[in-house]
Structures are given as structure tokens and as C-alpha cells.
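Each chain, written out:
2 protein chains.
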Amino acid sequence: MTEYSIGVDLGGTNLRAAAIDEDGRMLEKIAGSTHLSAGREAVLDDMVRAIVELRERFKGHRLAGVGIGVPGFILVDDGLIVGSPNLPDFENYPVRDEIEKRLGTPVILENDANSAALGEKWMGAGRDVNDLVLLTLGTGIGGGVIHGGKVLHGFVGMGGELGHITVNPTGNPCGCGNRGCLEKHASATALVAMAKLLSLGGPDITAAGIYDLAVAGNTKARMIFETMGEALGIALANLVNIFNFPLYLLSGGPLPAWDFFAPRMLAEVERRSFAYRNTKTRIARAELGNEAGLYGAACLPLKFQHAHH
Amino acid sequence: MTEYSIGVDLGGTNLRAAAIDEDGRMLEKIAGSTHLSAGREAVLDDMVRAIVELRERFKGHRLAGVGIGVPGFILVDDGLIVGSPNLPDFENYPVRDEIEKRLGTPVILENDANSAALGEKWMGAGRDVNDLVLLTLGTGIGGGVIHGGKVLHGFVGMGGELGHITVNPTGNPCGCGNRGCLEKHASATALVAMAKLLSLGGPDITAAGIYDLAVAGNTKARMIFETMGEALGIALANLVNIFNFPLYLLSGGPLPAWDFFAPRMLAEVERRSFAYRNTKTRIARAELGNEAGLYGAACLPLKFQHAHH
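Chains as they are written, first to last, in our numbering: chain A, 902 to 1210; chain B, 902 to 1210.
Quick caveat, the hints were computed from the structure, so don't treat them as lab data.
Just so you know, these numbers come straight off a predicted model, no measurement behind them.
One thing to keep in mind: the hints can contain errors.
Stated by the list, open to error - Calculated lysine-lysine pairs in the DSBU-like style (CA-CA distance at most 30 Å, straight line): (1) A/1051 to B/1204; (2) A/960 to A/1051; (3) B/1051 to A/1051; (4) B/1051 to B/1204; (5) B/960 to A/1181; (6) B/1051 to A/1204.
Let's have the full structure, built from the sequences with the hints guiding it.
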């Protein structure tokens, strides 16, 4: 290898970092927890320590830079997190410049779902296309749009908020102020909320538990996944009509339940999109799992480094 | 001027062509009707005659090429109209290559709403931005997305079908197979359909007639525009959440009714989009009216000419 970079995935729960070479080979990965309760400085120290450890390990090779994926609304050009329910201590803190100062190497900040979409484009299910959309299904639903091989940022970096597409104008209220957001009808959290409404399982029911019940033939559990599929199908049909991209990917915890939600999802897209019916549009599973964000973050300094100072 | 091009707007009703110089000055315009009943050859002859007339008028100057905006689904790279309810005779006919052969000059084919969006970006309300979305309100609703100064085509050119965004999953059935498409709730046609449902005006009521009634204080007419505003607001909130672009434009016949539909539209976007509330996103009237498509079509050979052979 002649060059490598370090990708970081700073989540509300997990802090991970990986050294990845220019050909997309993961050289080494460090996985730990995000100790939010210890405060912002402690998290920054952990992050810097992981990066330095990887850099030491591969010294002698050229480090292109560091990419960091974070949950929340970010201002890309400013390297600033402006809103992040999962990382409140980092809101309006100049995280990019601070890490850059401590490391003396270029740092690029990116939204975590955008990073994951870029990772899938670089080394995952989107290798063969330049345009794709990724939906990450988890506590909420994140989204990333890749156009011409690059993240579609919008004018301050808030593009791709696909979890807040309205799938039902009078649907469930969302923390964002809207009603009927996709993530209120198709995230892991939404699955659990539906289970509780239907008195399915105990008070500690999880998305995985609902999946087990569906496998066992439980009608309510299967209905929940149908409802999820319907919501995803409405959102995906909108995305197909808007973008006419060749590829739409899904990732996240509920993916094992594909056979329970995907048929309804695909039927909805089929019905609601002329472009889908008339083009070779693929809707498929992402391939890199929770490592997509690491690949995408590492990809940033390798492929898209530009002076921001 | 050192260079000019010719933009053509081939609609189901009107056939127009204009010579526009590289600085966006309209030098001359020819406006006529599309004689569909006379057959495809007659329409092609009319189109070629208009272009040749303009070319003769400005001979001595360099003609960059010809851009043609047409309604319907097109394959951009193939220069082919694959589906067009308004120009059925042209479906799957190699219109670009045929015109090119007859003229001996490069021709670029584009969807009419995409052309209009590009025109607004070049010389209209979007002059100062590189990213915008245009919704054209008419019999249906067309859409155009400009990203990085260029039309977002998607992989075969069917991107920007914004009239088919679902604003109500159980809403009015649409010819595209979906229910609750934006254009079934906010186009001029939808306004008339609502008026008939509400027994407003006579059997020949038009969108303009509904507007007159709203001006006169008619409650039903005002409710119709509120309903239109709600549908537009849901669709625009989706677009803001997806793109985070700085500018969203509306054009078309119902624009004079702005004061009746826009307050509700903007309130819906405000409620349904975090990105809208937290960024300087503008939703505004387009400026070029029905000449936007001519500017955009003329812009294509001037700015985006590339060999397609």
C-alpha cells in the first residue's frame, strides 16, 4: 500500500476506528464504547487515542487523513455538529478543528448515514454505481444520497434526512415536529411501539423479539412487518420518482426480517412508481453492515480531501 | 455576441423556438401551435422550419447547437421520448437524431420541466444558486432538480418526477398507478376536480375561475387553495428534507393565487421540516414564466454540449 486513512464512527453508544488503505482493505479496527457520561473531553481523548494507536501501527505509510462520521445535523464546511440528540455535548463544538489540532493531520466531519452510504458505494453493495440512496434502519432512520460518486450534502450539509419523509400526513407524531415521518413507522423503535399497541410480547419486547415471533408464525408480528414494509415502500417510491437512481439500499438491525417486510415494500414501490416499473431499479440489502460508516469515513480523506481553511 | 443557441419548447399545444445568446439574451422568438392532428412529420417540419428561420436570421454568428424540451419520460443519452401522453406520436421515435440529421447541427433532448428548471437557474430566480428544485403547476405537475448547476437526470433521465410524490397514501388515484400523487391534489386539474366535487361554479369552471371566486371571498374556493397549499407543503417538506437545497421554485398557471395557497403551504413545510426551520431555505415564485423552458433548452448546447455519438 502507498497510502491509507483512518475512519472513525463516533456513535452515541459505540466508538470505533479503522485504518483502511486506498484500495479499501481494512488493515486494523479498534472498537470501544462512547463514554458519554465521562464528558466530552474523555470522549475526545478516547477518539484521539484510538487514532494515534492506528497511526503508530502503520507509521512508514502515508496517512491521507482522518474521516469522522457522527450522528446528527452537521455543517460540513464548518466541521460542526449543530444538532445531535445522541451527542448533545458535541453540539456547536468545533470537533473537527479540535481533533485536527491534536493530531496535526487533516480531518473531515460527515454525517454517519452519509458516511455509510459512501462506504457502500466505495466497497459495498454500490461498488458498480455512481448514484445510490441508503436508508439505515435503527432507533431512527438515517439516510444518505450519493450522486456522481459523492455525498449529496445540500447547502449546509443537512441533505439526506430521509427518515423524515412524510409517509402519512396524519401519522405518528415525530420529535422533529412533523407527523407520519418514515422513522415513526419503519424504524426498530417504531416496530416496538407497534408491538406495545398490539399487546404483543411483554413490556421488554424488542425488534429482534418481534422477528422471532414472526418466524414462529405470529399474525400480529407479521402484520407489524407488513406495516413497516408499506411505510418503506411509500418513501422508496418517492425517492425513485425523485432521483431515478439505479440502486436503493437498506441496512440496520431489522434487515434479517427482510422476508417479512420486503414483499409489501416492493409491491408498494411497484404500484407507486412509473420509473420503478419501467427501469432496472434495484432495491437491495446493504453489504457492509455496521462497518459501512468506517469505510465511508475513511474514504473521505482518500478521495475528497479539499482545503477547508 | 460570439455565440448563440436555439431553444425549442415542443409542447402538446404550443411549439416555440428562440435564439438566445451565450449571455442569456433572447434575440428572437417564434411562437406557433403544435399541429398534432397533422401528424408527426408535419410537426417535425414546423420545428425544423422555425429553427432554420432563426439560424438564417443570425447567420454570421456561431450556433452552438439546438436544445429541445419535451413533455414526458425521455432517455437523455439516447435522445428518445419513451412515454409522453401529450406527444404520443413521438414515443420511441429518434427525434433527436432525426432533427440533427435534417439540420446538420448538434441537438440535445431534455424533459420540459428539467429545461425550465435549468432556465430558471441560468437566467431566472435561481441565478444565484447552483442547487434548486422547480415545480411546474399545470395540467399535471412537472419537476426539475438542478444540482451543482446541472440537471439531475437519474440513470436513464427519469429523475425529477416530482408530481408523483405521494402526499396522501390513500389519496386520489393517478394515471401513473399510484394514489395521492402531488399532481392529483395540487395541479390546475386537481383544483377543477375539487371545485366540481364541491359544486362550485358551473360545469366549465377553470382554475382561473376558482381564483376569481377566491378573490371575491368565496369560502369553498379559498378552501380549495388551502388544500392545494397543504399538498404542496407536504411535498416541499419532503424535498427540503431530502435535498437541503437553498431554493425551491413554483411556476405555472395557478401562481397568481399565491396569496391563497402559499400561507398554508409554508406553514406545512415549517411544521414538517427541521432543515427548513433551521436554514435559510427559500420557497419562491419562478421568474421566467413559460419562457423558462426556452432559456433552459438553449442553455443545454451552450453549457453542456458533449458528444453522444
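Inset, instruction - List, from low to high, the hint numbers that the structure doesn't satisfy. - result: Per hint list: single violation, 5.
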